[in-house]
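Asker: Mind docking chain B on chain A? Use the hints.
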Amino acid sequence: MLHTLSIEELGRNLGSGQLSSVELTRHFLARIERLNPSLNAVITPTPELALGEAAVADRRRAAGETGPLLGIPLIHKDIFCTDGVRTSCGSRMLDNFISPYDATVVARLKAAGAVMLGKANMDEFAMGSSNETSYYGPVKNPWDLTKVPGGSSGGSAAAAAARLAAYTTGTDTGGSIRQPAALTGVTGVKPTYGRVSRYGMIAFASSLDQAGVLAESAADAALVLQAMAGFDPLDSTSVDAPVPDYHATLATPLKGLRLGLLREFFEGLEPRNAALIRDAIEVYTALGATTVEVSLPHLPMSVPTYYVVAPAECSSNLSRFDGVRYGYRCSQPKDLMDLYKRSRGEGFGAEVKRRIMTGTYVLSAGYFDAYYLKAQKVRRLITDDFRAAFAQVDLVIGPTTPTPAFGIGAKMDDPITMYLNDIYTIGANLAGLPGVSMPCGFIDGLPMGLQLIGPHFGEGPLLNAAHQYQQATGWHRRRPSGYE
Amino acid sequence: MMSDWEVVIGLEIHAQLATRSKIFSGSSTAYGAPPNSQANLVDLAYPGVLPVLNAEAVRMAVKFGLAIGASVAQRSVFARKNYFYPDLPKGYQISQYELPIVSKGSISIVLDDGAAKTVGVTRAHLEEDAGKSLHEGLANASGIDLNRAGTPLLEIVSEPDMRSAKEAVAYMKKVHTLVRYLEICDGNMQEGSFRCDANVSVRRRGREKFGTRAEIKNLNSFRFVEKAIQYETARQIELIESGGTVVQETRLYDSDKHETRPMRSKEEANDYRYFPDPDLLPVQISKDFIREVAATLPELPDHKAARFAREYALSAYDAGVLSASREIGAYFEDVTARLGTTHAKLSANWVMGELSSALNRDNLEIGDSRVGPQALSGLLARIVDATISGKMGKEVFETMWSEGADADAVIAAKGLKQITNSGEIEAVIDAVIAAHPAQLADYRAGKDKLFGFFVGQVMKATEGKANPAQLNELLKKKLHSGS
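Just so you know, the sequences run in chain order A and B. At position 363 of the first sequence the residue is numbered 363 (the working numbering), and the sequence of numbers has no breaks. At position 348 of the second sequence the residue is numbered 348 (the working numbering), and the sequence of numbers has no breaks.
The hints are simulated quantities; they were obtained by calculation from the structure and are not laboratory data. Certain hints may be false.
[Stated by the list, open to error] Pair by pair, the computed Cβ-Cβ distance ranges are: (1) A:G366 x B:L252: 27 to 37 Å; (2) B:N36 x A:D83: 18 to 28 Å; (3) B:A33 x A:P47: 39 to 49 Å; (4) A:A370 x B:H303: 44 to 54 Å; (5) A:T66 x B:P282: 39 to 49 Å.
Note that CB positions come from ideal geometry on N, CA and C, so glycine has one too.
Looking at chain A on its own, in the form it has when it is part of the complex (with noise of 0.2 Å):
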């Protein structure tokens, strides 16, 4: 079946004149409409633009044009812009929204030849760990539709896992991206802070948010990484350092690889949990790795502080949706005032508020001092212990979640253990450091991620990690049932 294949494989299935991408395109936007209506992870289908785009995919291929992705169809997470077609972040506020532009992440990958079947579902403006906060509904994860697939990325996640397309696209602020690819059975990669633009990717928290791929493997996200990633000068914080060729470097072995175990990871570990990263630290050492245990005193003061600073952000990030220029507008506003507060009232989710009233109080004059600029203190703390724990080790290892997804409605009454839910992920992210989540077992029959982290801009030896532990457990080619 062809939503089996690698993006190498489908690549030489197209090269050969096997198959064409209107014909993949096709097979894809039928296992859409098939399958997407229980799982609702896809909420804007692009059926019609797919197959012009597979079409022009088509023709460049005969032209003579090559590349691993040409012609191989997408799913893009709703917060990149695209051109001409509905960008709403899983809100209200943007429900109306048609972008008039491309993401730079879009922009490139169209370049590269990628087709795009529709836009993923998601948490509202990313701000979730179960994808229930969208306005479109929750999104069901594919191993147990009483499940959630994560989030922010849900959709894409559960598209990728549903394989309802060959790869997707996503967003990483806290765990947005490792945190549902771990609940869904998928390989989810979060960049360097800095390596992938974020121009045209709808902020939530600037200095966090990094984009990145979900797919079933290390070497499907290396390809996709490849086309991603890179200098744009409409990005001030993408930094102008060259993007090494990933795929090349995914076999080298792994001998010598020194592996850090944080303590701080492995302290009150669910055992299930534990016996599971034990047995992947196993499987490293038996190709070569050695390990040593490494502590981030910092890093249990990761969640909150990251509760500060990013609603900080993103209560300044989110001013612009005030109903004057695009976006959801109040029927008929008595006079300004009215018209922002019950278009931002109406247009906005609970959680969406709740975290730009945090922001707003934390920023306020009078708590400034001993929230804000303390987080950014503790920030700086938690960033100095992960640059120490590299100068040791090559890559840290850990779990992704503390369980397996847990039932739709279970946490929603409860903000705070929902966001204890990104306690492993969170780190790497107010550090800026690139981290990989890919499946490594199951607890009660749903996947589990393993979780290894690298220095910035190490990309290159996290992916050939995570890639030559696939080849030597195959954990990432299990498929929920029903999705085979």
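Answerer: Chain B only, in chain A's frame:
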């Protein structure tokens, strides 16, 4: 009593930087385009867009910092100033807050009595302008024009060093001169390219503690600055003397009614929640860059004035007027170079006198003068070599101005050549004396004032062509010789 009180003034000047594109987007900054025709997705704050700093704006701010002897920060940070307003599309203004690009400079001004004073400049920081709300011609609606949104501004904040409305105006004029010298701002006040907010407070003379200040917003002419401060000073004194207290508030100056009024308190009850803008990296400025910018600095007004006074033996006042703009200074130096430095005073008098009034009358900038430096020096050369008198020169100048001809052609056409032949002048003098025996007798009896009468008669007879210096000398001799 006014004299028991001292007013304390600080100004925040907003100078629009003369970059071609906006501070964080590629849109044009040209003035006067149809509404919203110069607002791109970044200016409109579309979802997902990001700011990119215009390097030219940074260069201009550095130039200003160097020109006022300030320290230029090696690292400065853009911050977000958060508030909601329809002309502010992002819901925040990008400005500099804790770490401005320029700090601790100073500017010298000359007061009416000729005394010099130094005004401290606390800081100058880069920020973006907001758009404009439009109300005219719109029934039951407000329009928003975002052409100005994102235009680069340099906000220049003074110390509370000024003690009168006149000092404040002198300071503002000096900053105006400076930004135009540096070619970082066109200084056009009608178009809002140069405007200020004035912080005004009063205290009893001799007290050290400042009074509570009011901030008068958006003053866009020197005259309004002076009037608004005068009004506000009087208002505060009257208020305190009648038992009231000044409240810290933002006020607007109404130039029609000549008064300041408080803005609605709602608009100022803002907590701006400043924090560093995570979309922009800190601005890093290297010593090399500072050296590079320093090398492009023109001769600055104070330096030019001092040099003029020294090189051309001009008074401090003349030197100050002639260095008020680069163009005036260049014009004066061009004329003087052609004429010879010994005639610098003549050249200065003409540039500040006839030329300047003709320019004012026709509302022209010196660069558009109808009589250029070459033509003016041609005219002055004829005065120097006594072909014509200074008075005749004025007539020639008017014709040159209106007809565009050169001095020699006008002199020839009008037959204005001065009589410098002593014999010829003496003959006229003799005839005048002979015709006025009574006046002669009175003069000789001690009525010195009649000397002017004789001069007038001779000039009348020669149609004003007698060389005045020669006439004076010869007439004196004749009037005294006969006795």
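Asker: A separate judgement is required for each hint: does it hold in the structure or not?
Answerer: We went through each hint and held it up to the structure:
1. Roughly 29 Å separates the CB atoms of A:G366 and B:L252, a value that falls within the hinted 27 to 37 Å.
2. A beta carbon spacing of about 21 Å between B:N36 and A:D83 agrees with the range 18 to 28 Å that was offered as a hint.
3. About 42 Å separates the C-beta atoms of B:A33 and A:P47, a value consistent with the hinted range of 39 to 49 Å.
4. The hinted range of 44 to 54 Å is satisfied by A:A370 and B:H303, whose Cβ atoms lie roughly 50 Å apart.
5. Checking the proposed 39 to 49 Å range against A:T66 and B:P282 shows it holds: the Cβ atoms sit about 42 Å from each other.
In this structure, none of the earlier numbered hints is contradicted; all agree with it.
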